[in-house]
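K.L.:
Given only the sequences and the hints, what does the whole structure look like? Please build it.
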Amino acid sequence: MSSELPDGWTDDTLTHAKWAEAVRVGTLLGQRCRSCDHVVATPKSVCVDCTGRELSTIELPTTGTVYSETTIEVTPVGQDDRYQVAIVDLGETRVLGQISGDVEIDDEVSLSGHVEYEGMPGPTFSPVE
Amino acid sequence: MSRASIVGAGMTTFGSHGAVALHELFAQAALPALDDAGVSQADVDALYLGNTSAAVSENDTHLGPKAAAQIGLTGVPTQRFEDACATSAMATKHAVHAIEAGIHDVVLVGGVERCTPQSGLSTPEMTKVFASAASRQYEQPVGLTFPGVFALMTKRHMHEYGTTKEHLADVAVKNHYHGSLNPRAQHGEEITRETVFEGPLIADPFHLYDCCPFSDGASAIVLVSDEYADSFDQPVDINGIGHASGGVPLAEQASVTMTQAARDAAGQAYDQADLTAEDVDFCEVHDCFTGAEILATEAVGLFEDGDGGPAASEGRTRLGGEVPVNPSGGLKAKGHPIGATGTAQLVELTDQLRGEAGDRQVDSPSVGLAHNLGGEAATTVVTLMEARA
Ligand SMILES: [Zn+2]
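Those sequence lines, one after another, are chains V and L. Mapping of the first sequence onto my numbering: residues 1 to 129, in sequence order. Mapping of the second sequence onto my numbering: residues 130 to 518, in sequence order.
Think of the hints as simulated: they come from the structure by calculation, not from any bench. Beta carbons: idealized from backbone N, C-alpha and C, even for Gly. Check before you lean on any hint, since a few could be wrong.
Chain L side only, calculated, beta carbon under 7 Å to chain V, not exhaustive [what the hints assert, rightly or not]:
(1) 267
(2) 273
(3) 328
(4) 332
These stretches of chain V come out as covered by chain L in the derived footprint (C-beta under 8 Å, 3 or more residues) [claimed, not checked]:
(5) 26-40
(6) 59-65
(7) 87-99
P.N.:
Here you go:
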């Protein structure tokens, strides 16, 4: 039946809409594979490591270290004129965020809010003093 | 035996082409390619066309039949490909497969794009169009741009391997020198390290001259079967064409410096052609940013990981060096009209392998490699070509 969910999926399966809702209230949701423990920071329909269908929605750590960063000086229409972005290493996975403040690789950062663009949120991180 | 052979090649100059329509611009590359091959429209079995952005930037879609009608190919099967910056390499790959499968004997393959401000969009607007290849949900809201994508990769490479801003600048200096020898290049002027360092920052570590320009342009090749190629003058053989994809979003790639899809695509191409990286005499790689060239030369196996930057600074990748990289000037100096870049690389390989590259001719090459990357290295096509003995 086309109205049924694929094997292993439940109404709790993480989607972008649920992920976005969580970012807006200061939480990072991800998925952990129940077969191989692989963790991702953005929702997938199967485990990208083992293709397992049973994925638990988990709360990811909200602190991590900067894996790479750059300050974007020529920005798309609709965005601010200048901002820093970073790939943040959360231990078992990584996530992209905008930076409030100024960071370098290996600096410690924590989730501090979010930006909005065309109806979608992106996480914001700040340096941990 | 080749997988398919190029018997005709043509391209426009890259740069600003003003108010020209896409199908008119494509004709300026396609007709010279047909003439170079000495084939008429009646000989062409299909048109495989690449264009990346016109649906978004110009409200212009269904470009295959439009381009076919412009050049007298109405009636032939035609299709349009979009895989970010790897668009026309993708068209080529599919044409090779169709020829190899015996579906077509002669295919016109090419790409066309308009990206300069004269095409109607401002820099912030075109920056947004380019960013459409990044994750809509997890990267665009954060404000990631394509200079930003490659800046993140390059900064990590600098952190892990000690690559320096001088290494990056030397890639730009080299490619501008090569571009100064190429009459089709958008940037014909030579530059110095200081030119790079004094330019405005785009996304650190990239200054303006670390980045390819916005370009208009078109390129085309005539591809034929191995058997049919013998009846042409100077066929150049495609002996390997590999293609792989990598993960999106960038943050979840196991390594952002490896460009794993390029390694996988190169491995396939080397296996098909029964060649290794040591056999490569020169290459055209996807240097959308200086750091991207360094990552590419490592990914296709020319240098060990971490040695790409020093190799550029030591002149090993310059014309006259051990393996010239981007003798055309690359995307950096020749220009990067997105959907035209993949086949433009193959036009350069054809010119070089025929010994017709003029002032930028590589010394008697027998094997050339092209590396065309799309998105955050999430698509890569690697092609190996050899002159027919
Ligand atoms: Zn798994």
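K.L.:
Which numbered conditions among the earlier hints are violated in the structure presented, ordered from lowest to highest?
P.N.:
3, 5, 6
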